[in-house]
Amino acid sequence: MTPSFAHALVVGAALLSGGALAGVWRRDGGSALAALPALSAGAAICMAGVTRFAGAGHSPETGQELAALVCFMGLAASILGAAWTRRRLAR
Amino acid sequence: MDLVLTIVFYAFAILAVVGALTAALSAIASRRLLGLVGVAVGTSGVLFSFSAWLVALLALVCLGASALLVGGGGQDRGTASARPGWLGEAGPVTLAGVAATASLFVLLVAAAAGGSFQNAGSGSAGVTASALGRVFFARDALAVDAVGAAVMIALAVGALARGRRS
Numbered sequence: 842m843t844p845s846f847a848h849a850l851v852v853g854a855a856l857l858s859g860g861a862l863a864g865v866w867r868r869d870g871g872s873a874l875a876a877l878p879a880l881s882a883g884a885a886i887c888m889a890g891v892t893r894f895a896g897a898g899h900s901p902e903t904g905q906e907l908a909a910l911v912c913f914m915g916l917a918a919s920i921l922g923a924a925w926t927r928r929r930l931a932r
Numbered sequence: 014m015d016l017v018l019t020i021v022f023y024a025f026a027i028l029a030v031v032g033a034l035t036a037a038l039s040a041i042a043s044r045r046l047l048g049l050v051g052v053a054v055g056t057s058g059v060l061f062s063f064s065a066w067l068v069a070l071l072a073l074v075c076l077g078a079s080a081l082l083v084g085g086g087g088q089d090r091g092t093a094s095a096r097p098g099w100l101g102e103a104g105p106v107t108l109a110g111v112a113a114t115a116s117l118f119v120l121l122v123a124a125a126a127g128g129s130f131q132n133a134g135s136g137s138a139g140v141t142a143s144a145l146g147r148v149f150f151a152r153d154a155l156a157v158d159a160v161g162a163a164v165m166i167a168l169a170v171g172a173l174a175r176g177r178r179s
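Quick note, the sequences are listed as chains P and V, same order. Residue numbering for the first sequence is 842 to 932, as defined by the numbering used here. Residue numbering for the second sequence is 14 to 179, as defined by the numbering used here.
Hints may contain errors.
Listed below are several chain V residues computed to face chain P (Cβ distance under 8 Å; list not exhaustive) [claimed, not checked]:
no. : residue
1   : Ala26
2   : Leu34
3   : Ala37
4   : Leu38
5   : Ser43
6   : Leu60
7   : Phe61
8   : Ser64
9   : Leu71
10  : Ala78
11  : Ser79
12  : Gly84
13  : Ala163
14  : Ala169
15  : Gly171
Distance windows between CB atoms, simulated [unchecked claim]:
no. : chain 1 : residue 1 : chain 2 : residue 2 : range
16  : V       : Ala151    : P       : Leu930    : 18 to 28 Å
17  : V       : Phe149    : P       : Leu921    : 25 to 35 Å
18  : P       : Ala924    : V       : Val170    : 25 to 35 Å
19  : P       : Leu921    : V       : Val160    : 33 to 43 Å
No lab work stands behind these hints, which were simulated from the structure alone. Glycine included, every Cβ here is placed at the ideal spot set by N, Cα and C.
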């Protein structure tokens with residue numbers, strides 16, 4: 842069963858759903874931040890899958906660049922969230 | 014796709030999804046951290062199977078750092094009252110955050126200068142605003158509507174569940 846674009850989208854959707862579940866499941870903000878890496882991972886896989894399985898005629902690196910950007914955004918949001926949580930705990 | 018890459022894709026996809034579910038559902042901080050590390054490794058493996066070597070490495074670094082920052086938050090509650098003043102008085106976690114922020118800035122500048130984002134509006138690249146508009150609102154309009162409705166229902170159900178808990 843060779844992976845296709847649909848398989849990549851399914852894996853990305855599963856990760857996005859897992860991240861959304863983490864955000865809904867946890868009541869405290871610190872634990873809910875566990876949603877950020879999963880959300881970023883799902884979006885990155887979708888973006889990279891577009892590049893891997895897209896037809897000819899498009900810029901071949903655009904999807905990979907967007908995937909890298911999504912990973913950076915996830916890291917930046919995690920830094921902000923962790924700082925916010927620690928500041929709230931320190932009060 | 015090659016057989017080895019196919020096996021790599023499925024193995025790491027399962028690892029990533031199981032890690033995400035573990036991170037979402039586990040109440041223990043160490044298990045949550047383990048799940049998030051599984052998400053980072055699994056995502057990197059899936060991107061590796063797409064032959065996106067550099068993005069796989071970046072995903073491993075970024076998502077791994079994110080997992081350590083977010084998943085290890087429960088262990089810092091005992092030392093949360095110690096507020097760092099300047100950089101020399103900061104703890105290792107704060108120093109790691111500062112270093113990650115500086116690295117993020119450098120990498121973003123390098124991507125903006127050397128990537129193909131700057132050529133996106135010239136018409137030579139495949140992704141432009143008009144092309145995206147035609148895809149989203151003409152060719153795949155029904156699919157976009159379905160995704161929007163699904164997201165709206167998921168947000169409404171999540172808000173309802175959270176409201177009932179509190």
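Hint validity - Ala78 of chain V Cβ closer than 8 Å to any chain P Cβ: holds, 6 Å
Hint check: 8 Å Cβ-Cβ cutoff, Gly84 of chain V to chain P: holds, 6 Å
Hold the hint about Phe61 of chain V up to the distance rule: shortest CB distance to chain P must be less than 8 Å. violated, 10 Å
Ala26 of chain V as chain P interface residue, shortest Cβ-Cβ below 8 Å: holds, 4 Å
Go through the hint on Ser79 of chain V and say holds or violated, using the shortest Cβ distance to chain P against 8 Å. holds, 4 Å
Using Cβ atoms only, decide whether Gly171 of chain V comes closer than 8 Å to chain P, and label the hint accordingly. Gly171 of chain V check passes; min Cβ-Cβ to chain P is 4 Å, inside 8 Å.
Closer than 8 Å between Cβ atoms is the bar; does Leu71 of chain V clear it against chain P? Give me holds or violated. Given a least distance of 5 Å, the restraint on Leu71 of chain V holds.
For the pair Ala924 of chain P and Val170 of chain V, does the Cβ-Cβ distance stay inside 25 to 35 Å? Given a distance of about 30 Å, which is inside 25 to 35 Å, the answer is holds.
Restraint outcome when Ala163 of chain V is required to lie within 8 Å of chain P by C-beta distance: violated, 10 Å
For the restraint on Ser64 of chain V, tell me whether the closest CB of chain P is nearer than 8 Å. holds, 7 Å
Starting from the range 25 to 35 Å, see whether the pair Phe149 of chain V and Leu921 of chain P falls in it by beta-carbon distance. Since the Cβ atoms of Phe149 of chain V and Leu921 of chain P sit about 29 Å apart, the hinted range of 25 to 35 Å holds.
Does the Cβ pair Ala151 of chain V, Leu930 of chain P satisfy 18 to 28 Å? With a Cβ separation near 49 Å, Ala151 of chain V and Leu930 of chain P fall outside 18 to 28 Å, so the hint is violated.
Hint check: violations occur at hints 5, 7, 13, 14, 16, 19; the rest are consistent with the structure.
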